[in-house]
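J.: Sequences are here, hints too, so could you generate the full structure?
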Amino acid sequence: MTTSTTESPRESTGGSTRFPLVLGLDTFGDHEHDAVDRPLSHAQTIRNVVEEGVLAEQVGVDFFGIGEHHTDDFPMPAADVVLAAIAARTKRIHLGSAVTVLSSDDPVRVFQRFSTLNAISSGRAEVVLGRGSSIDSFPLFGYDLADYEDLFEEKVNLFAELLKGGPVTWQGNLRPSLNSLDVVPYAEAGPFPAWIGVGGSPQSVVRAAHYGFSLMLAIIGGSPARFRPFSRLFLQALEKFGREPLPIGVHSPGHVADTDEKALEEFWPRWLHIITKMSKVRGFAIPTMESFRFEVGPQGALFIGSPETVAQKIAANLKTLGANRFDLKFGMPGLSPDSLLKNIELYGTKVIPLVRELLAD
Amino acid sequence: MSGVLIPSSVQRIAVLGAGHVGPVIARIAIDAGFEVAVAASGSPENLELITQVVMPGAEARWAADAAAAADLLVLAIPLHRFSALDPGLLAGKLVVDAMNYWAPADGVVRMFQGQELSSSEIVQRQLSQSTVVKSLNQIAYQDLEDGRRPAGSPDRHAIGVAGNDAAAAKLVGEVIDRIGYDPILLPSLSAGRILQPGGPIFGAVLARSEFELAIHTTAVHA
Ligand SMILES: NC(=O)c1ccc[n+]([C@@H]2O[C@H](COP(=O)([O-])OP(=O)(O)OC[C@H]3O[C@@H](n4cnc5c(N)ncnc54)[C@H](OP(=O)(O)O)[C@@H]3O)[C@@H](O)[C@H]2O)c1
Numbered sequence: 005m006t007t008s009t010t011e012s013p014r015e016s017t018g019g020s021t022r023f024p025l026v027l028g029l030d031t032f033g034d035h036e037h038d039a040v041d042r043p044l045s046h047a048q049t050i051r052n053v054v055e056e057g058v059l060a061e062q063v064g065v066d067f068f069g070i071g072e073h074h075t076d077d078f079p080m081p082a083a084d085v086v087l088a089a090i091a092a093r094t095k096r097i098h099l100g101s102a103v104t105v106l107s108s109d110d111p112v113r114v115f116q117r118f119s120t121l122n123a124i125s126s127g128r129a130e131v132v133l134g135r136g137s138s139i140d141s142f143p144l145f146g147y148d149l150a151d152y153e154d155l156f157e158e159k160v161n162l163f164a165e166l167l168k169g170g171p172v173t174w175q176g177n178l179r180p181s182l183n184s185l186d187v188v189p190y191a192e193a194g195p196f197p198a199w200i201g202v203g204g205s206p207q208s209v210v211r212a213a214h215y216g217f218s219l220m221l222a223i224i225g226g227s228p229a230r231f232r233p234f235s236r237l238f239l240q241a242l243e244k245f246g247r248e249p250l251p252i253g254v255h256s257p258g259h260v261a262d263t264d265e266k267a268l269e270e271f272w273p274r275w276l277h278i279i280t281k282m283s284k285v286r287g288f289a290i291p292t293m294e295s296f297r298f299e300v301g302p303q304g305a306l307f308i309g310s311p312e313t314v315a316q317k318i319a320a321n322l323k324t325l326g327a328n329r330f331d332l333k334f335g336m337p338g339l340s341p342d343s344l345l346k347n348i349e350l351y352g353t354k355v356i357p358l359v360r361e362l363l364a365d
Numbered sequence: 002m003s004g005v006l007i008p009s010s011v012q013r014i015a016v017l018g019a020g021h022v023g024p025v026i027a028r029i030a031i032d033a034g035f036e037v038a039v040a041a042s043g044s045p046e047n048l049e050l051i052t053q054v055v056m057p058g059a060e061a062r063w064a065a066d067a068a069a070a071a072d073l074l075v076l077a078i079p080l081h082r083f084s085a086l087d088p089g090l091l092a093g094k095l096v097v098d099a100m101n102y103w104a105p106a107d108g109v110v111r112m113f114q115g116q117e118l119s120s121s122e123i124v125q126r127q128l129s130q131s132t133v134v135k136s137l138n139q140i141a142y143q144d145l146e147d148g149r150r151p152a153g154s155p156d157r158h159a160i161g162v163a164g165n166d167a168a169a170a171k172l173v174g175e176v177i178d179r180i181g182y183d184p185i186l187l188p189s190l191s192a193g194r195i196l197q198p199g200g201p202i203f204g205a206v207l208a209r210s211e212f213e214l215a216i217h218t219t220a221v222h223a
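Which chain is which? The protein sequence lines are A and B, in order.
Okay, so the first sequence: first residue is 5 according to the working numbering, each after it adds one.
Okay, so the second sequence: first residue is 2 according to the working numbering, each after it adds one.
Simulated from the structure, these hints should not be mistaken for lab results.
Every residue, glycine too, gets a C-beta built ideally from N, C-alpha and C.
A hint or two may mislead.
Derived, one-sided and incomplete: chain B residues facing chain A with beta-carbon distance under 7 Å [stated by the list, open to error]:
| # | residue |
| --- | --- |
| 1 | P24 |
| 2 | I51 |
| 3 | W103 |
| 4 | P105 |
| 5 | D107 |
| 6 | Y142 |
| 7 | Q143 |
T.: Here it is in structure tokens:
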């Protein structure tokens, strides 16, 4: 993919390239199958995710994120517990959510859990707040999806207060007020990094800037380049609110294998299965091989192929979007542990060095 | 509908909603040469930066002002917010309903729960002094912009246009055509049910022939 440098947001705003390049991996705890395609237990899948996080550190990945989900395909409701297990076995890698469904959670609890993770990991915790699997979590915790916007707005507001540290006084409509209450554990060295995951709404971009959260662009379909104005919007909104520039990240799904063919062959049937299911839940017509091909191509949002193919696509999109971070959502329900471990290894040992090289100048 | 004067042509479009899909609709309308105003539920100041950066050329306005000046209004707000919208703002106007109702993803809204009417018929019932045409609802916001093709392209995609008022539907069809899609006219808001979530067309980017085939197949199996 070619990019016109004059138009890129970092050129026009001197934006987020001042932040170090971060290359991470995200999982939703995708339900794994064994080598002969029998589903593993949820428990085994969760234990495997711990191993995947540990391997990610060993092969040089910067960040390992776990997204909250509540289904048989993604049995991962307590991501922070799993992150704590990984924290206990690693030293360097940053650990966070991808995303935490704040709207159906209690901001005080989320803050306490990630502060605790931050303590266990000696300052390696991050949180990404967003909509994520709200369709699953809302009925489970007794929330109404029609209240989504109000819940998110109010809880983000409280979360921003909590991050400031010190006794909290806060009042809202959907959660009991807090009157000068102490929230522990206290941070050792300032707040942990907090991000807002944004789909395609510019109002969400401005909201992230307003509260001083970093911006994580969740690009899961269509052309990543269409998000380009969002980076500019974010930086200009930060400026308007009198804030310093903050990092911009991209989260997209994909799969790395030795060759393009192998990666596509492994991914496609799993993807088709899950997308077909999701389409039913969301009322969409089922996507076709043609739409899959588009998503895999240079204009699409799936990062699938050999290390070379995936690295080129990551580098091109980071440039286009003026972003300093990319988190590859790896895995898909039904893939085997071996294929996931191979993906992680290739991402750490081949994709990351190549992206660094491509973006070096 | 009572008191609605269908304009002879459309020049000024107001988009209500500046979330996922509103800004994309605004952008493609500007590209097609329309004058576009955008409003959300609050003040235009909150939208100014967004319009400047994401929809250059659009004007941020209060909903009432944007509506008053428009030849055609696009409703791109969630249906769970629809009951908070004052129908008086839209009185006498041609309204394109781009909204969808799908309780599993958006939550339950009692007004839209019944099976007998299409969601746009319910919108029309509430907006009794406007003429409602259903369109622009079926293609996902992330595909709407890239899916455009010039008139006559062999791979042009189609967008459904359903209305009870034939003149209104025809006019909306002309707007869709100018924006970059083949309009497929459906004879009533009730027939527009085929464009809704759960139907064969929702969320798909289809060529005219595929679109017509899907309508035909559904009619045969209905
Ligand atoms: N997302 C898609 O791909 C897509 C495609 C086609 C059609 N649609 C349909 O379009 C509608 C909007 O979807 P979305 O995803 O864009 O929603 P969204 O991101 O939640 O955005 C909703 C917008 O509506 C505004 N709004 C709410 N109440 C309003 C009012 N009374 N007057 C004026 N503006 C108001 C909100 O502004 P405030 O924040 O100021 O309240 C916000 O800008 C839905 O019915 C959806 O089914 C969506």
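J.: The structure should be examined with respect to each hint, and the outcome stated for every one.
T.: Here is how each hint holds up against the structure:
no. : hint : in the structure
1   : P24  : holds, 6 Å
2   : I51  : holds, 5 Å
3   : W103 : holds, 4 Å
4   : P105 : holds, 6 Å
5   : D107 : holds, 6 Å
6   : Y142 : holds, 6 Å
7   : Q143 : holds, 3 Å
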